[in-house]
Every structure is written in structure tokens, then in C-alpha cells.
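Enquirer: Chains Y and B, in that order, give the protein sequences. The first sequence begins at 1 in the working numbering and counts up by one. The second sequence begins at 246 in the working numbering and counts up by one.
Since the hints were made in silico from the structure, they are not lab data. If you're wondering where the values come from, they're calculated on a predicted model, not measured in any experiment.
Examples of chain B residues lying across from chain Y (beta carbon under 7 Å, computed):
#1 Phe-251
#2 Ile-260
#3 Asp-262
#4 Lys-280
#5 Ser-281
#6 Ser-292
Ideal Cβ placement from N, Cα and C applies to all residues, glycine included.
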Amino acid sequence: MPLTNSPNHFLLSLSPQDRGLLQPHLKPLRLPLGAPLFKADDIISNVYFPYNGIMSMIVGVSSGQFVEAGMLGRNSVVGTGAALDGPDALNTAIAQVESTGMIIDAGVLKRLASTSEALRMALVHHERALSAQTQQVAACNALHELEERLSRWLLQSRDLLQSDILPLTQEFLAQMLGVQRSSVTLVARKLQEAGLIRYRRGHIHVLEVEGLQDACCECYAAINLHFNKLIGWSPTDFQRQQVEH
Amino acid sequence: MARYFFHIKDGVDLIQDPEGSELATMEDARSQALKSARELWADAIKSGRSLGADAVVISDEHGGLTFVPMAEALPKRPG
Numbered sequence: 001m002p003l004t005n006s007p008n009h010f011l012l013s014l015s016p017q018d019r020g021l022l023q024p025h026l027k028p029l030r031l032p033l034g035a036p037l038f039k040a041d042d043i044i045s046n047v048y049f050p051y052n053g054i055m056s057m058i059v060g061v062s063s064g065q066f067v068e069a070g071m072l073g074r075n076s077v078v079g080t081g082a083a084l085d086g087p088d089a090l091n092t093a094i095a096q097v098e099s100t101g102m103i104i105d106a107g108v109l110k111r112l113a114s115t116s117e118a119l120r121m122a123l124v125h126h127e128r129a130l131s132a133q134t135q136q137v138a139a140c141n142a143l144h145e146l147e148e149r150l151s152r153w154l155l156q157s158r159d160l161l162q163s164d165i166l167p168l169t170q171e172f173l174a175q176m177l178g179v180q181r182s183s184v185t186l187v188a189r190k191l192q193e194a195g196l197i198r199y200r201r202g203h204i205h206v207l208e209v210e211g212l213q214d215a216c217c218e219c220y221a222a223i224n225l226h227f228n229k230l231i232g233w234s235p236t237d238f239q240r241q242q243v244e245h
Numbered sequence: 246m247a248r249y250f251f252h253i254k255d256g257v258d259l260i261q262d263p264e265g266s267e268l269a270t271m272e273d274a275r276s277q278a279l280k281s282a283r284e285l286w287a288d289a290i291k292s293g294r295s296l297g298a299d300a301v302v303i304s305d306e307h308g309g310l311t312f313v314p315m316a317e318a319l320p321k322r323p324g
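Go ahead and model the full structure; you've got the sequences and the hints to work with.
Expert: Take a look at the structure:
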């Protein structure tokens with residue numbers, strides 16, 4: 001696939017010259033559900049440009065629990081820090097929904113970024129966008145109720161997958177949001193009774209986007225605003241599948 | 246390991262757990278249910294909304310039911 005047609009927003013937004021620098025070094029990658037790109041304290045060997053799926057940046061604590069600090073997909077780059085600074089991973093990046101895309105050797109990307117200021121700045125903007133997201137999520141996790149947080153999470157996932165059908169289990173949702181599964185069961189039921197989603201084992205169907213936006217806190221819009229300002233990305237509307245009610 | 250389901254009883258309603266969790270023993274399932282109950286209390290208290298649950302109901306793969314009343318999850322008074 002030519003990069004001028006790339007489903008990845010970062011690759012698409014580069015100048016033809018910078019795209020030409022990267023092109024010969026890109027290799028395809030497929031990450032199955034739950035597979036890590038890197039784990040906290042790993043050396044990041046590859047920087048990843050997802051074409052689809054969802055990559056979760058998760059932070060674990062010594063009890064074995066973890067919580068999601070942010071999610072990226074076709075809108076950005078995973079492992080940017082390794083091309084800007086050092087290769088030590090600050091968090092764990094796993095495929096929350098199976099993902100395919102392109103990788104580049106982190107050392108190669110770092111070298112290329114030192115030859116092109118525009119490429120380096122593009123990486124800086126994407127790193128800042130992720131930082132903006134994780135800061136917003138920190139506030140959201142500490143201050144907002146689960147119903148709002150779950151709604152934000154579903155809307156973000158929907159934008160990255162460009163689908164109303166989200167292949168997510170409640171167990172996974174609970175882990176990502178750092179809560180017990182029963183809490184997700186209760187809130188999901190509430191959203192379902194309001195006609196906003198429909199839950200089937202292993203799948204969540206988004207039925208009413210506007211209603212979900214109303215149920216959501218301001219964090220969804222705030223994250224999108226940061227992404228728009230910093231990297232020029234906005235969730236685009238897509239052809240909605242017909243979901244029978 | 247066995248699969249345990251954690252339904253939530255709310256008056257006459259039973260909110261079904263569609264997935265269940267893999268756990269080693271019934272004791273693990275009970276402590277999981279109590280953990281869930283504590284979190285449901287905490288959310289209700291913090292938000293000032295009604296509890297929306299009066300028991301967590303554990304069902305095993307054979308259909309056996311164990312009721313864990315929400316009150317069991319409340320902190321005990323000392324002494």
C-alpha cells in the first residue's frame with residue numbers, strides 16, 4: 001500500500017520527502033489480541049504505526065493490577081519516545097484489539113529524525129498528544145464516575161476502530177478502567193437500558209453515539225481537542241453498519 | 246479452575262453476568278464477590294446515588310447459587 005494512502009495518520013501527514021525517508025525501512029506487523037509491543041522497562045526496539053486495532057498504554061503496580069493510561073491506533077505512533085530520546089519503555093503497550101500496521105527500527109527512526117527537522121517535530125507533536133491524553137485520563141480516573149469513564153472509553157475505541165461493533169469483554173473493560181467486573185456489569189446494564197449500547201458476550205454494539213456523548217464526561221472532547229491541535233487528527237464519521245435492534 | 250458468574254440482584258431484578266470469571270475455588274469466588282460488593286457500596290456512597298444492588302449472586306457452572314448480601318461487605322464495628 002503506498003504511504004500516500006496510508007490508514008495511519010502519522011504516515012499520511014508527513015511530507016513526500018519524509019515519507020520517502022521512512023518507506024524503505026517499514027515492515028508489516030500484526031499484533032494479536034493481548035500481545036505486547038513492549039513492556040515497561042523493556043528496550044523498545046521498534047516504533048509502531050498502527051493501521052487498525054487499538055494499542056493500550058497500561059501501567060501496572062506490584063499487586064499485579066494495572067490500569068490503562070491512554071490508547072492509540074491509526075491516529076498516531078506507539079513508542080515515539082525511543083526515536084526522540086532513549087529506548088527504555090515507560091509503560092506497557094498491548095493490543096487491546098488485534099492490530100496490524102507498520103514498524104520501523106527505533107534506532108533507524110532516531111537517525112532519520114536527526115536528518116529531518118520536520119520528521120523530528122512530527123514525532124514530538126505525537127509524543128505530546130499522548131502525554132496530553134494520559135494527563136486527561138489521570139484526571140478522569142481520579143475524578144469521574146465509572147459511567148462517564150466507560151462512555152469515554154467506548155467512544156474513543158469506536159473512533160479508533162471506525163466501527164460500532166467493539167470486540168471487548170467486560171473483564172477486559174474492567175481491567176482497563178481499574179474496577180471490578182460487577183461495576184462494569186451494572187453500568188453496562190444502565191447504558192443498555194438507556195438504549196445507548198447493546199452488550200453481547202464479547203461484543204459491545206454502540207447504538208446511540210449522541211447519547212453516549214451525553215453520558216460521557218468532558219474528557220472525550222478534551223482529548224480530541226488536544227489531538228486536533230497537536231497532530232491535526234479528528235475522529236471522522238464512517239459508514240455505520242446496520243445493527244439490528 | 247472453574248467458571249463462576251457474578252450476577253447482581255436488585256429487588257426482583259437479576260442483572261446477569263454474561264461472561265463469568267475463571268477462579269480456583271468457591272472461596273476465591275466469595276472473596277471476589279465481597280470485593281465487588283465493596284466497590285458497589287463505595288461508588289454509591291461517593292456519587293450519592295442509590296445502591297442498585299442487594300446481593301451479589303454467584304453461580305457455578307452446575308447452576309449452584311450462593312448469595313452474598315451487600316450488607317456483608319460493610320466494614321465491621323470494632324469490639
